[in-house]
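Protein chains: 4
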Amino acid sequence: MLTTHPFDDDKLREECGIFGVSGSDSAAALVALGLHALQHRGQEAAGITSFDGHHFHTHRAMGHVAGNFDSDSVIRSLPGSVATGHVRYSTTGETALRNVQPLYAELQSGGFAVAHNGNISNAMKLRRDLVRRGSIFQSTSDTETIIHLVATSNYRTLLDRFIDALKQVEGAYSLLVMTPEGMIACRDPLGIRPLVMGRLGDAIIFASETVALDVCGATFERAVEPGELVIVQGTEVRSIHPFKQQAPRPCIFEWVYFSRPDSIVDDHSVYSVRKEIGAQLAAESPVEADLVIPVPDSGVPAAIGYAQASGIPFELGIIRSHYVGRTFISPGDNVRHLGVKLKHNANRALIEGKRVILVDDSIVRGTTSLKIVQMMRDAGAAEVHLRIASPPTKHSCFYGVDTPERTKLLAHKLDIGGMTDFIHADSLAFVSIDGLYKALGEAQRDARPRYCDACFTGDYPTTLTDQDESAEVDQFALLAERVN
Amino acid sequence: MLTTHPFDDDKLREECGIFGVSGSDSAAALVALGLHALQHRGQEAAGITSFDGHHFHTHRAMGHVAGNFDSDSVIRSLPGSVATGHVRYSTTGETALRNVQPLYAELQSGGFAVAHNGNISNAMKLRRDLVRRGSIFQSTSDTETIIHLVATSNYRTLLDRFIDALKQVEGAYSLLVMTPEGMIACRDPLGIRPLVMGRLGDAIIFASETVALDVCGATFERAVEPGELVIVQGTEVRSIHPFKQQAPRPCIFEWVYFSRPDSIVDDHSVYSVRKEIGAQLAAESPVEADLVIPVPDSGVPAAIGYAQASGIPFELGIIRSHYVGRTFISPGDNVRHLGVKLKHNANRALIEGKRVILVDDSIVRGTTSLKIVQMMRDAGAAEVHLRIASPPTKHSCFYGVDTPERTKLLAHKLDIGGMTDFIHADSLAFVSIDGLYKALGEAQRDARPRYCDACFTGDYPTTLTDQDESAEVDQFALLAERVN
Amino acid sequence: MLTTHPFDDDKLREECGIFGVSGSDSAAALVALGLHALQHRGQEAAGITSFDGHHFHTHRAMGHVAGNFDSDSVIRSLPGSVATGHVRYSTTGETALRNVQPLYAELQSGGFAVAHNGNISNAMKLRRDLVRRGSIFQSTSDTETIIHLVATSNYRTLLDRFIDALKQVEGAYSLLVMTPEGMIACRDPLGIRPLVMGRLGDAIIFASETVALDVCGATFERAVEPGELVIVQGTEVRSIHPFKQQAPRPCIFEWVYFSRPDSIVDDHSVYSVRKEIGAQLAAESPVEADLVIPVPDSGVPAAIGYAQASGIPFELGIIRSHYVGRTFISPGDNVRHLGVKLKHNANRALIEGKRVILVDDSIVRGTTSLKIVQMMRDAGAAEVHLRIASPPTKHSCFYGVDTPERTKLLAHKLDIGGMTDFIHADSLAFVSIDGLYKALGEAQRDARPRYCDACFTGDYPTTLTDQDESAEVDQFALLAERVN
Amino acid sequence: MLTTHPFDDDKLREECGIFGVSGSDSAAALVALGLHALQHRGQEAAGITSFDGHHFHTHRAMGHVAGNFDSDSVIRSLPGSVATGHVRYSTTGETALRNVQPLYAELQSGGFAVAHNGNISNAMKLRRDLVRRGSIFQSTSDTETIIHLVATSNYRTLLDRFIDALKQVEGAYSLLVMTPEGMIACRDPLGIRPLVMGRLGDAIIFASETVALDVCGATFERAVEPGELVIVQGTEVRSIHPFKQQAPRPCIFEWVYFSRPDSIVDDHSVYSVRKEIGAQLAAESPVEADLVIPVPDSGVPAAIGYAQASGIPFELGIIRSHYVGRTFISPGDNVRHLGVKLKHNANRALIEGKRVILVDDSIVRGTTSLKIVQMMRDAGAAEVHLRIASPPTKHSCFYGVDTPERTKLLAHKLDIGGMTDFIHADSLAFVSIDGLYKALGEAQRDARPRYCDACFTGDYPTTLTDQDESAEVDQFALLAERVN
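Chains as they are written, first to last, in the working numbering: chain A, 289 to 772; chain B, 289 to 772; chain C, 289 to 772; chain D, 289 to 772.
Heads up, some of the hints might be wrong.
With a straight-line cut-off of 30 Å between C-alpha atoms, the simulated DSSO-like cross-links for lysine-lysine are [to be verified]:
#	chain 1	residue 1	chain 2	residue 2
1	D	Lys659	D	Lys696
2	B	Lys642	C	Lys726
3	C	Lys299	B	Lys726
4	D	Lys532	D	Lys413
5	B	Lys642	B	Lys299
6	A	Lys299	A	Lys532
7	C	Lys299	C	Lys532
8	D	Lys726	A	Lys642
9	D	Lys413	D	Lys726
10	B	Lys642	B	Lys659
11	D	Lys682	D	Lys701
12	A	Lys726	D	Lys642
Beta-carbon label-pair distances, calculated as ranges [stated by the list, open to error]:
#	chain 1	residue 1	chain 2	residue 2	range
13	B	Gly489	A	Gly398	22 to 30 Å
14	C	Thr745	B	Pro601	52 to 60 Å
15	C	Asp340	D	Arg510	50 to 58 Å
16	C	Gly705	B	Asp666	44 to 52 Å
17	C	Glu693	D	Arg510	50 to 58 Å
18	D	Gln662	A	Gly668	40 to 48 Å
19	D	Glu693	A	Asp690	47 to 55 Å
20	A	Gly706	B	Gln521	32 to 40 Å
21	C	Asp340	D	His700	45 to 53 Å
It is worth saying that the hints were derived from the structure and are not from the lab.
Built from N, CA and C at the ideal position, the CB exists for glycine as well.
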């Protein structure tokens with residue numbers, strides 16, 4: 289229903305953003321601000337849980353943070369100096385409120401709330417075992433598995449039970465947990481999904497991206513380390529590393545598309561990396577042309593980089609409507625095909641008779657690329673060259689990113705020549721995988737790569753238990769109640 | 289928010305009605321009709337669950353059945369030939385949707401849905417034990433306890449697990465359970481809450497009252513027996529009695545107030561019993577007067593009985609608004625006190641100068657009696673005599689009826705003289721407990737009474753475990769998440 | 289959407305109720321209370337206009353007074369010591385808010401608001417003339433005609449303009465007008481529709497029925513006289529009679545059905561008149577039987593009258609659901625036919641094997657009578673005799689009452705024998721027209737009848753201009769904008 | 289509630305956009321598309337009226353086109369081959385639906401609907417005269433004046449009445465009128481507000497901007513001429529010029545800010561003009577710096593022009609949230625001041641230590657400029673120079689643009705030095721009025737200027753009757769009904 293990036297129909301989608309505050313009188317209000325700044329990481333639903341020293345308070349809603357979490361009455365209904373929040377996309381069709389995080393359970397030790405960015409890749413197997421032993425699940429979320437593992441653990445303290453649970457799960461997780469004793473922030477041993485820590489006065493803040501710290505006026509302190517648990521009680525902080533150490537593999541797509549350009553991820557400015565990818569593209573795949581035109585908005589930094597490196601002028605050849613926050617559905621069959629122009633319109637006076645270079649960040653299915661190349665031609669472009677600021681996306685992600693089935697990925701189906709024909713471009717080029725690593729300051733991608741780049745290379749850094757048991761997964765779906 | 293009986297502010301409230309259908313193509317539609325006919329048993333929320341052979345489908349809503357369960361789209365969203373439904377009041381302040389029944393869980397054996405009329409009097413104790421062993425509760429409802437007992441039972445078949453669970457609970461329960469194998473209807477060993485079985489063509493129907501069978505055009509077959517489990521698979525029915533047999537003690541207040549006058553409860557017409565109580569009252573407590581006036585609407589049958597027995601004319605001395613379905617809140621402080629007349633208005637032309645006998649079914653706090661006696665005096669009544677068609681209500685109910693704290697019951701605080709003064713009546717009389725049993729065809733209440741009359745006598749037929757541990761109950765409430 | 293009288297599908301419907309207050313700090317709150325008490329006169333929409341000495345404030349809503357006019361915020365949005373309100377049915381299908389009264393216009397003299405009960409029978413002709421001269425209508429309401437006549441009058445003072453306007457209209461009107469100078473209440477020269485005046489402290493109150501005064505705690509002062517204008521400025525009152533005097537003809541159906549039984553209309557208690565009609569019926573059309581059963585709720589007073597006169601016991605043979613405030617729509621074709629039992633259910637235990645006399649207030653189309661006779665037979669009645677507390681309804685009303693087309697009136701199509709067959713009763717009788725006048729204290733209906741009884745007799749007391757020009761009316765409807 | 293341009297709190301706001309179609313089976317769907325493309329011209333409310341040969345159909349809604357006019361059910365409710373639509377801001381606080389256009393009236397000649405972009409500058413005077421003669425206004429809109437002038441005109445044909453009406457009004461108006469005979473498009477004699485004509489197959493289309501033609505796939509035909517009436521019946525078109533000819537004065541602010549960059553207004557590409565203004569600014573007011581940063585989004589074209597002319601790199605120094613479609617209200621007093629960063633965040637990694645040139649299109653109150661300069665300093669900018677792509681805005685507009693009171697215009701209160709101090713910039717410069725005319729291809733602004741530039745120069749091209757009578761205007765406002 290809600291879209292944001294103008295041509296986002298053909299993007300990979302980050303599935304979640306998380307944000308937590310401990311030690312502030314305005315905890316819930318800060319979480320609302322932080323989630324709003326992370327809205328691009330999940331626009332389907334949002335939730336905030338606070339703890340006032342006695343009770344946990346939760347508000348969940350389908351839709352955006354704005355409109356659902358910005359009234360005084362909502363914020364007042366979330367009292368306490370500790371709060372966490374979550375924005376999400378769903379991977380399955382299940383969009384019910386009961387799946388909206390933070391999830392909550394009453395354990396023997398008291399309330400337990402959790403917000404999760406990532407995906408547990410053996411969640412279905414664990415769930416079957418738990419149900420067999422009498423656990424009753426409230427949601428279809430993989431995150432709930434962690435809670436039941438804590439509830440049924442044989443360890444005594446809550447912290448030991450939590451670590452016991454984490455040692456049984458595989459996959460990607462950045463987690464914010466709230467208990468009556470305090471908040472725990474943690475990141476999986478490979479650090480696949482991001483998580484940073486900041487401070488605002490005495491308060492401790494955790495967020496998926498630094499931009500959420502900026503918006504709150506907080507200072508960035510450091511990234512939470514892969515495999516680290518940061519334990520906060522009030523404003524006191526301690527850190528433990530209960531897992532066997534491994535070489536980190538953070539997701540490289542955060543720089544390509546997921547994170548906002550004004551965020552700094554693992555010491556790299558996202559904007560600078562994107563401009564540098566554009567420069568690499570200009571060096572690797574030059575072409576004679578009159579104009580460099582970004583595909584708005586995510587293609588802009590790479591297009592500026594390409595234009596500056598090539599000396600070809602950067603121009604706004606595609607004007608996007610300011611009103612994409614709410615999608616306009618073209619009514620009536622006769623006018624349905626006009627939809628694409630509602631979001632973008634070619635700047636015909638500029639383009640007519642010109643050779644244009646379009647710069648975009650990625651191609652997933654290729655549907656949008658096809659339309660936008662055609663839009664340039666309809667506006668009278670003499671030549672249309674498409675440059676993509678990432679390598680070809682050939683593999684699905686199982687770590688908390690919404691990817692289409694592999695068979696729908698254009699780069700899985702076609703080689704460069706086939707893709708060029710499909711989108712009717714005069715030329716098409718992707719940055720190389722080494723070019724991408726160069727833009728991040730590496731010499732090249734080597735034998736022990738520093739990032740998770742499985743979507744480009746198929747090199748998955750963990751086992752994928754549930755993928756090998758998908759038949760049983762279907763059986764489970766059969767049993768689920770449908771709440772209408 | 290919604291009220292129905294005009295003077296219902298001062299009534300005991302039945303907490304639930306249940307209705308189930310097996311073997312009909314219109315299962316959900318029939319359940320909606322049946323729940324509408326049972327609406328007086330619970331007006332706060334309603335829910336229906338259906339099973340289509342593969343999936344369970346549930347729709348829950350706060351508010352009435354009408355408006356929430358009568359659209360084609362809602363009924364279409366509840367496919368299948370088996371369905372159960374529930375209407376409820378809440379006893380606690382917790383009115384969230386997650387407490388609205390039928391409750392549902394995915395067990396190892398598949399889906400499990402339950403609708404419950406009654407109250408488990410050791411639910412808090414059982415809950416603490418279950419949480420200690422790792423169970424996570426979704427609701428604050430006592431009914432969920434039964435589901436977790438089933439999930440964690442060591443027996444093998446679902447039926448054995450269910451019986452194992454029931455043997456651990458104490459209190460009052462009429463239950464409708466749905467599993468992929470079929471429906472189970474059961475009534476606690478004392479049969480405290482009612483449950484009847486009927487047929488509509490091949491379909492089997494269960495309902496809290498016969499009026500719900502009438503509305504569907506179904507024929508009444510028999511009451512489910514105390515301690516009986518009726519197991520229905522499609523249209524096949526079998527019955528088991530797994531509990532040790534006990535003398536039944538059905539709730540006598542069903543005839544006094546809860547059930548509709550057109551229902552037949554355990555072979556007694558409710559209308560006839562109420563008229564007979566009125567006749568007993570006329571015999572026990574006669575008075576010279578000009579008019580017999582019912583307190584609308586629940587006092588009407590007893591008033592007719594009183595008038596016929598005494599020969600004093602029955603007249604409508606209180607006119608009630610037709611618009612009580614939705615409460616009008618008098619706005620503004622200056623006019624707030626006028627509220628009572630919005631629902632009822634004295635028929636001044638009739639009453640002026642007359643000696644009137646008011647007949648009502650019961651007195652709980654006495655607040656309404658006070659107002660209505662005053663209303664008669666304001667309209668010019670020469671004398672006002674109040675006759676109550678039940679004995680004094682002196683004790684709380686713990687079997688699924690919403691009773692105020694005992695200290696708020698007028699008959700607990702005052703004797704007849706004190707009550708007469710409190711409500712400013714010229715005279716006040718209640719039917720005797722023996723008179724009540726006589727209206728039901730007994731010679732008198734004897735040493736082994738045939739009904740649960742604890743609200744009048746304090747003679748509770750079961751132990752009340754949670755009542756003796758109420759301190760711990762409070763601690764539990766402390767931990768609950770508040771969903772805003 | 290909303291129904292109230294249980295069997296009201298087959299009733300004539302009063303189209304409006306009006307209520308006004310001058311000189312109270314709680315003017316709007318009192319109007320809300322008063323309208324709630326008049327809800328039975330119009331349940332489709334409601335509106336209140338207040339004047340604070342500077343501005344007029346209006347709130348209009350589709351639906352009931354309760355829920356729309358009982359929040360503090362709505363009442364606070366209607367400040368001032370003068371306020372009027374209106375509840376309505378619509379006669380046409382046009383249910384838009386713009387037709388909801390009070391209507392408002394800015395004239396040269398300032399704001400002008402009007403609430404109208406009745407119907408202008410030459411409204412279409414006047415409208416055509418006004419449009420021809422350049423007036424632009426906002427609504428399709430006949431009431432707006434009066435406002436344009438005032439706006440375009442050649443007289444100088446507002447009062448003279450208003451009288452000039454009224455002299456051009458024909459038909460039925462009780463009006464409450466608000467201007468910056470004060471309030472004007474008036475009743476057409478025949479007094480067809482009711483209007484009474486009361487006092488609450490210093491405040492002056494006008495209402496369609498006395499029950500609205502009761503609810504506010506106001507005292508009844510007198511009826512506004514036919515042809516009278518009562519002019520109120522603050523709490524000062526004066527009266528003028530600008531029309532040529534005529535013999536009044538108030539609507540007799542107010543006693544039969546429209547007014548509440550606790551209202552006093554023109555010195556007659558509605559309850560007493562209805563009981564007396566029942567007694568007349570018993571005298572005119574006796575029958576041997578076991579039970580007298582009212583068709584709830586409007587048949588109750590006449591049934592009590594019939595029972596007392598005949599000595600046959602009054603019993604509740606039809607139990608109505610308490611939940612008729614909101615109509616339950618039976619979902620699904622298979623269960624649609626069960627709808628009637630949702631509202632009423634036969635008290636089978638009472639009726640089985642008995643000879644019953646049903647008493648109802650009127651028959652319009654006969655559809656409900658047919659169903660209710662059948663319901664008695666299904667419940668095992670040995671004989672079913674129907675007695676109607678009004679003469680046969682044979683003619684349409686053009687004075688503000690919603691009547692079906694004449695060809696749909698059962699008494700227009702069939703004689704008594706035909707009607708008896710149609711509804712499958714063992715016998716059917718209506719009270720005679722003279723019996724009806726007797727119940728009102730007259731010897732009989734004479735040559736100069738004291739009431740408008742056109743629906744029974746066809747004797748219309750005014751000309752019916754628009755009825756003779758209905759072709760043109762249709763053309764006008766053609767031009768109307770449809771606001772979707 | 290809804291905002292669009294990121295820093296639009298401090299912009300002048302065009303008040304309306306209009307769009308009409310004649311001769312298409314998809315008329316209403318095309319109008320919905322067209323209005324969506326014109327959403328930037330009015331975001332408060334929208335309306336569409338269609339004519340199906342017999343009836344007019346209207347749908348109006350507060351809020352955006354998307355969400356209100358894009359459902360099939362809404363479009364189906366607007367049948368017919370002729371339709372017009374309107375998007376609006378309100379100038380007054382009156383945001384009621386009754387002011388939402390198209391306005392509609394039933395005249396003697398039949399239905400009459402009108403959509404208006406502009407403002408009638410003698411509307412209050414005309415209104416007083418009309419009310420004096422008996423006209424009753426439905427709205428507080430100046431547009432309704434035209435309708436009443438038509439209704440009361442002494443001419444015979446509707447066309448003559450319409451021309452008679454237009455000759456009495458002064459000010460700015462582009463109008464689309466629908467009658468049963470067809471559509472009339474017209475533009476005031478000075479052509480102050482824009483209006484263009486296009487074709488889509490046989491259908492004739494009118495729109496405020498060419499971008500709305502693009503979105504529908506229509507071809508641009510020509511601008512409607514100042515003083516021209518284009519009369520369309522089905523797909524037949526004829527043109528008349530009933531007014532005395534005058535030199536046109538179209539609004540120059542359309543190129544500065546109002547129109548979309550991809551529109552062509554009077555043969556000038558808006559994007560090209562804005563880039564050229566940027567180049568003029570670079571020539572008139574150069575400064576040594578490291579980066580040219582646009583104030584998003586409206587400053588982008590001028591910033592590109594400035595960067596290309598100066599050779600200083602164009603960079604994204606301010607990142608705006610994608611989620612400005614719906615404003616997030618910072619909840620709670622403690623975090624309220626953080627609001628500005630919700631919409632924009634400085635790209636700190638880029639800015640730190642740099643000398644930056646900010647380019648924006650205009651300054652109205654100066655509040656946003658102050659914040660954005662501070663944002664640059666907080667991010668570590670070494671110097672901040674602000675360049676404005678229009679002359680200082682010193683005068684209010686009375687031709688359909690929402691301007692603050694003159695005393696609130698920063699450029700009215702302060703000279704350049706004062707403004708520079710106020711916003712804490714290192715330097716501030718505006719393009720000169722001659723520079724602006726140069727960007728439009730003129731040598732300079734001469735004695736008979738080709739544009740209305742009154743907001744910069746105070747040189748109003750018409751009389752301003754109502755401005756001289758504002759005391760009376762207030763009195764009128766006193767009388768208005770407030771619909772709550």
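Consistency of the hints with the structure:
no.	hint	in the structure
1	Lys659(D) / Lys696(D)	holds, 17 Å
2	Lys642(B) / Lys726(C)	holds, 25 Å
3	Lys299(C) / Lys726(B)	violated, 43 Å
4	Lys532(D) / Lys413(D)	holds, 23 Å
5	Lys642(B) / Lys299(B)	holds, 28 Å
6	Lys299(A) / Lys532(A)	violated, 35 Å
7	Lys299(C) / Lys532(C)	violated, 35 Å
8	Lys726(D) / Lys642(A)	holds, 25 Å
9	Lys413(D) / Lys726(D)	violated, 39 Å
10	Lys642(B) / Lys659(B)	holds, 18 Å
11	Lys682(D) / Lys701(D)	holds, 8 Å
12	Lys726(A) / Lys642(D)	holds, 25 Å
13	Gly489(B) / Gly398(A): 22 to 30 Å	violated, 53 Å
14	Thr745(C) / Pro601(B): 52 to 60 Å	violated, 34 Å
15	Asp340(C) / Arg510(D): 50 to 58 Å	holds, 53 Å
16	Gly705(C) / Asp666(B): 44 to 52 Å	holds, 50 Å
17	Glu693(C) / Arg510(D): 50 to 58 Å	holds, 55 Å
18	Gln662(D) / Gly668(A): 40 to 48 Å	holds, 43 Å
19	Glu693(D) / Asp690(A): 47 to 55 Å	holds, 50 Å
20	Gly706(A) / Gln521(B): 32 to 40 Å	violated, 57 Å
21	Asp340(C) / His700(D): 45 to 53 Å	violated, 36 Å
Of the numbered hints listed earlier, those contradicted by the structure are 3, 6, 7, 9, 13, 14, 20, 21.
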